[in-house]
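Trainee: In numbering that gives the first Met the number 0, the protein residues as written are 0 to 277.
Since the hints were derived computationally from the structure, they do not count as laboratory data. In this text the structure is predicted, and so the values were computed from the model without any measurement. From the three backbone atoms N, C-alpha and C, an ideal C-beta is built for every residue, glycine too. There may be inaccurate statements among the hints.
[Said to hold, decoys possible] Cβ-Cβ distance ranges computed for the label pairs, FRET-style: (1) Thr113 / Leu241: 20 to 28 Å; (2) Arg146 / Ser56: 31 to 39 Å; (3) Glu162 / Arg28: 38 to 46 Å; (4) Asp201 / Thr114: 37 to 45 Å; (5) Arg28 / His204: 31 to 39 Å; (6) Leu241 / Glu51: 46 to 54 Å; (7) Gly231 / Thr113: 19 to 27 Å; (8) Gln55 / Arg253: 41 to 49 Å.
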Amino acid sequence: MKHNDVGSFLRARREALRPEDVGLIPGGRRRTPGLRRSEVALLASVSVDYYERLEQSRNAHPSEVMLASLSRALRLSLDERDHLYRLAGYTPPLAGMVGCYVEPSMMFLLDALTTVPAHVMDDLTTILAQNRLSRALIGPWTLGDERKSNVTWRWFTDPASRELNAADEHEAIGRGYAADLRAAAARRRDGSADRLIAELLDASHEFGRYWEEMAVAPLHSTRKQLVHEYAGPLDVQCDIVLSSGTGHRLVIFRPQPGSTTVANFEFLDVLGGQTFDA
Numbered sequence: 000m001k002h003n004d005v006g007s008f009l010r011a012r013r014e015a016l017r018p019e020d021v022g023l024i025p026g027g028r029r030r031t032p033g034l035r036r037s038e039v040a041l042l043a044s045v046s047v048d049y050y051e052r053l054e055q056s057r058n059a060h061p062s063e064v065m066l067a068s069l070s071r072a073l074r075l076s077l078d079e080r081d082h083l084y085r086l087a088g089y090t091p092p093l094a095g096m097v098g099c100y101v102e103p104s105m106m107f108l109l110d111a112l113t114t115v116p117a118h119v120m121d122d123l124t125t126i127l128a129q130n131r132l133s134r135a136l137i138g139p140w141t142l143g144d145e146r147k148s149n150v151t152w153r154w155f156t157d158p159a160s161r162e163l164n165a166a167d168e169h170e171a172i173g174r175g176y177a178a179d180l181r182a183a184a185a186r187r188r189d190g191s192a193d194r195l196i197a198e199l200l201d202a203s204h205e206f207g208r209y210w211e212e213m214a215v216a217p218l219h220s221t222r223k224q225l226v227h228e229y230a231g232p233l234d235v236q237c238d239i240v241l242s243s244g245t246g247h248r249l250v251i252f253r254p255q256p257g258s259t260t261v262a263n264f265e266f267l268d269v270l271g272g273q274t275f276d277a
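Hey, can you work out the whole structure from these sequences and the hints?
Mentor: In structure tokens:
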């Protein structure tokens, strides 16, 4: 067996994890230590066959995006992530350029949030990781490409993305996303913000109007009235926990006291289990 290849490293990290380390329910006796290959595949949003070929080093050449997804699924530290990149023949991302990698501490917080929807997104509002209730609430946004996973892009280009929000809040939400993007663009130096802005200006006159206002304001905790097709009305406070190391944001949909939202989230959890665990 090789000891310095991608497959061996992935297998070692998989066997070092327990289901509860990644927010999964252990479920029955296990013949071998660690996570199952199928569980890592689920967490990384790849097929089981592809992940098995990666571990067995059989004609599988992961992209940098795939390596970031695997790093997130296996809760790799920055040093471990960089090692994986080198094994695969890539130069590790520069300091501060974290891409779709999510630090283990942020993933731990996300895993611990089992009764409320929550997800992690970067400073351009690209969703990088979701818990089950987040997938039940808004859908599995991490399975799409860079734009389909981006909250701001979908808000201005996909009318269906607004159906969850009360109509009288749409204008304030849209202005908030434009102002947040302007704040992010001032920090970014890799061209990704400029590309997103250019595409939004080309695709949405509404975004163009808000962009011309020159407002600069990162997203902050906001009360929202949501209406889910099956779970009903949801009165929530969208709290944001910021990572000082990566700039990623953990968005938590916290139920307002005295509302029916807690009970509706319980129904949403059952719905999510039937939809995504089937």
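Trainee: Of the hints stated earlier, which fail here?
Mentor: As far as the earlier hints go, 5, 6 are violated by this structure, in ascending order.
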